[in-house]
Amino acid sequence: MTELEEKILDTFEDLSGWKANTSGQATLRISQDQGFSDIAMRLDFDFRGRGGFVVATKPLSLEVPEIYSFHFQIRGLAPSNAFEFKLVDENHQNVWRYRVEAFDFPETWQPFTIRSHQIEFAWGPLGGGPPRDVTALELVIAAGPGGKGTVWVEALMIRDETYRLTPNVQA
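Residues in the sequence shown are numbered from 0 upward in steps of one, following numbering that gives the first Met the number 0.
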């Protein structure tokens with residue numbers, strides 16, 4: 000990617016790559032729905048009165064730039080549970096994440112941006128450092144108050160914001 004180049008990661012026209020993973024009694028259904036301006040991925044979850052988490056996972060091959068941001072549209076009719084956006088390496092052992100403990104899902108469509116400095120190393124044998132070669136992306140809702148709800152996501156993309164111009168220095 001070149002400076003400020005955007006790469007579309009998913010338009011959600013085909014959800015066959017997305018897989019639902021859950022813990023305990025929780026359920027997650029992934030489907031298509033009308034989005035803000037196009038097709039959206041719809042996540043219907045239910046914690047069934049218990050704790051746990053639900054995960055929508057998408058395998059992908061992504062070389063992560065030095066400085067980047069992820070962009071998408073989001074809306075939800077859901078309790079303020081924890082929301083995570085995760086990047087996973089090829090061994091599925093190292094994970095980087097953006098996490099909000101009590102995420103207030105907006106009821107109307109809102110643009111959402113996650114910048115590279117907001118994504119932290121979460122765990123794995125690397126012990127730290129930025130993500131480089133990612134092979135999966137995960138959207139996670141983890142029970143705080145629990146409950147059930149629906150979250151929609153549209154137009155997932157990454158923007159390379161790495162500065163590559165040579166500075167002009169004069170003496």
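Treat the hints with caution; some may be incorrect.
[Said to hold, decoys possible] DSS-like mimics (lysine-lysine), calculated; alpha carbons at most 25 Å apart, straight line:
no., residue 1, residue 2
1, 147, 85
2, 57, 18
3, 85, 6
4, 85, 57
5, 85, 18
6, 147, 57
7, 6, 18
8, 6, 57
9, 147, 18
The set of hints was computed from the structure by calculation and includes no laboratory data.
Status of each hint after checking the structure:
1. 147 / 85: Since the Cα atoms of residue 147 and residue 85 sit roughly 21 Å apart, the hinted pair holds (cutoff 25 Å).
2. 57 / 18: holds, 7 Å
3. 85 / 6: holds, 18 Å
4. 85 / 57: Since the Cα atoms of residue 85 and residue 57 sit roughly 10 Å apart, the hinted pair holds (cutoff 25 Å).
5. 85 / 18: This hinted pair holds, its Cα atoms lying about 14 Å apart.
6. 147 / 57: holds, 22 Å
7. 6 / 18: holds, 22 Å
8. 6 / 57: With a Cα-Cα distance of about 16 Å, the restraint between residue 6 and residue 57 holds, given a limit of 25 Å.
9. 147 / 18: holds, 19 Å
When each numbered hint is compared with the structure, no violation occurs for any of them.
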